[in-house]
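**Student:** Here's the letter readout for the chains.
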Amino acid sequence: MSYIKKPSARNPSLRPNALGLTVRDYEGAMSTLCAGCGHDSITAAITRAFYELDVAPHMVAKLSGIGCSSKTPTYFLSGAHGFNSAHGRMPAILTGASAANRDLIYIGVSGDGDSLSIGLGQMSHAIRRNVDALYVLENNGVYGLTKGQFSASADPGSRSKHGEPNTQQAIDPVLLALSLGATFVARSFSGDKGQLVPIVKAGLRHRGFALVDVISPCVTFNDHEGSTKSYRYTRGHQEPIVEADLVPPAAEITAEYAAGAAVDVRMHDGGIVRFTKIPEGYDPGDRDAVVAYLRAHQSTGAIPTGLLYLDPSGSEMHAANRTVATPLAQLPYESLCPGAAALDALQRAYR
Amino acid sequence: MLREPIGETPEASAGAAPARGPEAGDETPAREDASRVNRFAFKLANVNGTGSASANSLLMQAIFRMGIPVSGKNLFPSNIQGLPTWYEIRVDKDGYTARTARFDLVVAMNAETYEDDIDEVRPSGWVLFDSSWPLKQAFLRTDVSFLGVPYAKICTENFAEARERTLMKNIAYVGTLAALLDIDMGVVEDMLREKFAAKPKLMASNAKAIRLGYDYAKEHFACPLPTRLEAMGGPPGASPTADKILITGNTATALGALYAGATVAAWYPITPSTSVLDAFTELCEEYRVDPETKERRYCILQAEDELAAIGMVIGAGWNGARAFTATSGPGISLMSELVGLAYYAEIPAVIVDVQRVGPSTGMPTRTQQGDILLCAYASHGDTKHILLFPANPEECFHFTVRAFDLGERFQTPVFVLSDLDIGMNDWVVPRLTWDDSYRPDRGRVLSREELDALPKYFRYSPEDWQGVAARTLPGTSAKGAFFTRGSGHNKLGGYTERPDEYQEVMDRLARKHWTARNFVPPAIVETRPNASFGVVTVGSCDLAVREALAELATNGIVGDYLRVRGFPFGPEIESFLRRHDRMFVVEQNRDGQLRSLLTLETGVAKSQLFSVRAYGGLPLQAAQVVREIVHQIRETEKERPA
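If you're matching them up, the sequences are chains A and B in order.
My numbering puts the first residue of the first sequence at -7, with every later residue one more than the last.
My numbering puts the first residue of the second sequence at 18, with every later residue one more than the last.
Just chain A, with the same shape it has in the complex (with noise of 0.2 Å):
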């Protein structure tokens, strides 16, 4: 449907947000991919993320990769600043532009084949760093564009379109994640829009890195039988073990929760995150038991989704570097530069 051009007219029902933008300010152009693609399902969600938070377009810079998922960034948003970089190396880009302005918000926007694969050491130095940065990760279990290889993330014994299995292991990014000391982790699937918005807003709010995995099928190459990435199957093994919501600073007190039904997590801006339904015995602040929980129940072929890891506490990039407030790209040039006089004295140093 790439030909059409997406209509300008506007739905004087909309609701404005506080910004006074209505969620079609947050839209982007219109997709060219697959009719019924996944990825088009989390671009509406990030997009009413966005909406809901009370976002400035300008102030957020998406960047993506390649690949399927890395086009989608075109697709929300068109009021940001947007760059689609070159295969795997998103991560380090976008690393570099949060290093030189640290005002803005950040999302990355990914698939399987760009971060496990070709990126993954990208993307898991970011995860060590703590870039503050809201990671989506778009799985689908195949390379769409060159049409239908396995990717890293396809699972052992996985039927591609042609029947042959998949005889590699799979990369869970999750459990990777969880490994090299990720502080936001989540899953979900691009079907569950009622728990990819939440999962996304508090990814948004996060202070470092948020890793949001999403199930995305692949309606062309991956959708068929003896696939465990198609919609079939995601909708039948996806078990929401965890429910979260994000309460902003001046929204606390109107949240209607039952009583000693909610655990709280405090964020870095004075928000909440609010876990409505955990497992028995669950603590999502408990790294290893969040890893021993999803290998006892990824065994079993359930795909475990929802927010699954939250520490709040971690010291994201410029914390660790105790960057100043102001975005570096933003300094005067006169406090930067010593000046003659101070390079004559230094260079006493060289006699």
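A few of these clues could be false.
Straight-line distance between alpha carbons at most 20 Å, and here's what the computed DMTMM-like set of lysine to aspartate or glutamate pairs gives [as the list claims (entries may be wrong)]: (1) K496/B <-> D46/A; (2) K261/B <-> D336/A; (3) K496/B <-> D95/A; (4) K496/B <-> E19/A; (5) K311/B <-> D336/A; (6) K311/B <-> E326/A; (7) K508/B <-> E543/B; (8) K216/B <-> E178/B; (9) K508/B <-> D481/B.
To be clear about the criterion: a stretch of chain B counts as covered by chain A if any three or more of its residues have a C-beta under 8 Å from a C-beta of chain A, and this derived list gives those stretches [said to hold, decoys possible]: (10) 57 to 67; (11) 502 to 511.
Simulated from the structure, these hints should not be mistaken for lab results.
A virtual CB, placed ideally from N, CA and C, is assigned to each residue, including glycine.
Using the hints provided, position chain B relative to the given structure of chain A.
**Tutor:** For chain B alone, coordinates are given in the frame of chain A:
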């Protein structure tokens, strides 16, 4: 093809060859003696990791402080401890301090390399060695003098700790050399005081070791040798080194980045560029940390590899910070992919390449100019980059600043091609100066107000006369938002697969690069009356080529000089190439990369350019250049019909 003449005594070196065979203290002709005051070279052979580096730099610094032009070349192995390492010092009152392989004196402190080291002394020269153990008869030469000092014994008697005994052997020979070469002991002692101001115990043992070496020499040898030093310049401030500093290219590069206002640096450790980031880090800690809050006005990222390092630089450049990386050849290979992205998407980036010997891992601790073509065209597809070629630390400083200006002016990656010799060795260069009225050239960046005044904004249109279109920085306004992509795009910034739209952008990029020829540092051109040929060179070849030209001129072979300092090549280069029928292109790589680039990018005929190459990994010597030019002139004369 030129072979690496390590260890051989070049036939064409300056001055008459002394007669073979005199013993120590033997009479040598008076003229020879006179010429060796402040004009000689010596070599120190050490074991890596024994503290020799500080002893040797102490020596060089002392000579520098005596006002005498000097150079020090550290020839070190890719190793932390145990392998042989050498340090070569050349003093020359006239300032010819390129590397020479003609050594008047060798300090042989490494028994493992005695044989080769002793071989390298010129006839009637001297070998200073540790005589705690007897020297093998086979190593003895009758045409040189052996000066034995029992350093190990002396140090064992005078120092208690094992580590100290090893370290002090090297400090002790500094004392011996001070006596033999007439180095001002006052200068040496001043330096020790400065160096160990905070460590009185170290100060005491170093001073003691130096004195032990000095006294032993005074007692046992006729000091000083005829090959010796003499302070230059008389009154303080008038010596040839009075307004000079001793600095490595990498430190100067880091200073350039600091003064240019770079705030983001991303890198991956690699010899020989690591000290750029070490120095930048130190400088930032000194000048960019708020004294009260301890907040930093910089962010240095040690990346996971060079793929990421360049990615971070590009991300920061996209976001408006001045950002750079420093690396060497293997890093450039890895960065090439994203260099193409920055070129095509038009994002500023500064890449310092401190070249080492390739291909592959090559020789990481040896110097070369082997990345010229790689950097000129780095990345797949049609790409062409701006290159700057410093020849010494002073130019490293200024060219690094220039690189940031050019990067932002032309919205493109800019390479600063230094090398291991410039980057890691101490050079005597004029004191660096800074103009406080300098302000960064940020190129065309639209502010929010400028955007508001536009009916609509497009990233790659309209262009100015330089082929540059205005960019906007993320966070400015929704109106200025655009989508940066490495995929095919038209002049409005939109995705395209249309041939005409694609070509339109690519043609502008070529125009932009062409325009930059007038903005890179112009070539150094020196013409002489009666010149019969030209010499074209680049980077660290400078001193050796100048010395070679002077020496050739004394034999009536007169050539003009051109040193390329930037790419794309400026009009002054075209004009030099047009004016000379025959030119020798002197460079340090096997394939004559500068020569190739000249033939590709100018109108010069291949047949006009003769190649003079040295690429064994050690800094270029004048003797190599002289020999090759003389040889090639003779060959062409033979071929010429009578």
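**Student:** Decide, hint by hint, whether the structure agrees.
**Tutor:** Each hint, compared with the structure:
1. Taken as a hint, the K496/B and D46/A pair is honoured in the structure, with Cα atoms around 18 Å apart against an allowance of 20 Å.
2. Note on K261/B and D336/A: the hinted pairing holds, with a Cα-Cα distance of about 12 Å set against a maximum of 20 Å.
3. Only pairs whose Cα atoms come within 20 Å are accepted, and K496/B paired with D95/A is accepted, the gap being roughly 19 Å.
4. For a cut-off of 20 Å, the pair hint linking K496/B to E19/A stands: about 15 Å separates their Cα positions.
5. For the hint linking K311/B to D336/A, the alpha-carbon distance of about 25 Å lies beyond 20 Å, and the restraint is violated.
6. A threshold of 20 Å between alpha carbons decides the hint, and for K311/B with E326/A the separation of about 18 Å falls inside it, so the pair holds.
7. Distance restraint check for K508/B and E543/B: the Cα-Cα separation of roughly 43 Å exceeds the 20 Å cut-off, and the hinted pair is therefore not satisfied.
8. A distance of roughly 17 Å separates the Cα atoms of K216/B and E178/B; the hinted pair therefore holds under the 20 Å criterion.
9. Proximity of K508/B to D481/B is assessed by CA-CA distance (about 13 Å); at most 20 Å being required, the pair is judged to hold.
10. Against chain A, the stretch 57 to 67 of chain B contributes 0 residues with a C-beta closer than 8 Å to a partner C-beta. That does not satisfy the three-residue criterion, and the hint is violated.
11. By the rule of at least three residues with a Cβ nearer than 8 Å to a Cβ of chain A, the coverage given for the stretch 502 to 511 of chain B holds, with 3 such residues.
Violated hints, listed in ascending order, are 5, 7 and 10; each of the other numbered hints is respected by the structure.
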